[in-house]
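Spelled out from the first residue to the last, the chains are:
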Amino acid sequence: MMEAVAIPPFERFYSETRDEIWRYLVRLLGREAAEDAFQETFLRALRAYPRLKHARHLRAWAYTIATRVAVDERRRHAPAGTIPELAAEDPRPAFSELEHLAGELPARERAAVVLRYGYDLPYTDIAAALGSSEEAARQATSSGVRRLRRRIT
Amino acid sequence: MTVPTELDRVFRARAAAEGALDVAYDFTDSPVGQLLLAATDRGVCRVSFDPDPDLELERLARAHGVRVLRSPDPLTEVRRELDEYFDAKRREFDVAVDLESLPGFQRLVLTELQGVPYGRTDTYGGLAARIGRPRAARAVGGALNRNPVPIVVPCHRVVGASGSLVGYAGGLERKEKLLALEGALLG
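Heads up: the protein sequence lines correspond to chains S and W, in order.
Using the numbering used here, the first residue of the first sequence is number 1, and each one after it goes up by one.
Using the numbering used here, the first residue of the second sequence is number 154, and each one after it goes up by one.
Check before you lean on any hint, since a few could be wrong.
[To be verified] According to the in silico footprint, chain W covers these stretches of chain S (three or more CB under 8 angstroms from chain W):
#1 12-19
#2 29-39
#3 43-50
Hint data in this document are derived by calculation from the structure and do not stem from the laboratory.
Nothing here was measured: the structure is a model prediction, and the numbers come from that model.
Every residue gets a Cβ at the ideal spot worked out from N, C-alpha and C, and that includes glycine.
Build the full structure now, drawing on both the sequences and the hints.
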C-alpha cells in the first residue's frame, strides 16, 4: 500500500518550485510573456491546490500547469513558426546551443525536449507535465529531437 | 536565474486580492521581538512570538487549509494597529480576529478575555467565574496558554489570584513588558 504524502502548505510548494518554473517558462516563451504565464501558472495551482489528493508528483504537477499555460499563451500570441526571445542566462551550455532551434518545434514537442534535456526530468514526470502516457512523452521528445536534427544537418 | 522580486511580489499580492488564500502571513518587528502575523478572510488568526516558520506554516495549514502564503497586504491593518499599540497610541484593537478553528471552550474564554480593558488585569478564577465555570480556573489557564492571537487578544492581562504573573506562552518577560507598557504592572 502506498503511503499518502501530506500536502505541504502552499508557501513551501511555491518557494520550492517557483525558480525552476520561472526558468522553464522563460525558455518556452521568452522573458516578457513568461511574466504573465508565471502568475497564471501559480494562480491556477493555488485554485486547484485544495483538491489535490496527495503530494507525490507536485513538481511534475507544477510543470503540467506551466506547460498548459505556455501552450495557451503561444497559441494566443505567437503566429506559427515565431521564435520567442530567449533567456540570456542558461546554466546548461550544451542545451542552450540547441535551444534557439527548439523554438520552432510544435509546443508539445518543445515542452518535452526542454523538460528532458534542459531539466533532466524523467519521462514519468514529462508524461505528467504533458498530461499524456510515458510512451507518448517519449515519442514527443524523440520526434522533437529528430526534427531538430533535420534542421542542423 | 531566480524569479524577479517584483514578479514574486505581484503574484503574492494577486493571490490575496483574488481571495484564493486560506491564510496570508507575514513577519513584523516589535519591541517584544519578531512576530509572525497571519489572517484568514475572517480576521487575524495568529500572532506568534519567536516564530519557527516551518512549524507555523504546518499549524496554519492544519487549522485553516493548505493555501497558506506569505502575502503582506492582508496584514497591513493588524501591523499598523500593533505599531500604534507599542507606541502607546492605541488601547484597543479594531481588527477582526478569527477564533473559529478553536474548540468551543477556548473560544468562549478568549471572547470573554477581550472584555478585559487596557491597563487592567483579571485573574484565572475571575475569568472562569465570568464564563459561568467558577471551578475551571486551571482549564482557563490552559486555554489562555494556547491563545493563538496573543497581544491582540490580551491573555497577558490575566494574572494569579495573588497578583503574581504566573505564566505566559511568550515568556514572563514579555508579559511583564506588555503590562508595563499598559501601566498595569503590579507593585
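Results for each hint:
1. 12-19: Satisfied; 4 residues make the cut.
2. 29-39: Per the Cβ count (3), the hint holds.
3. 43-50: holds (count 5)
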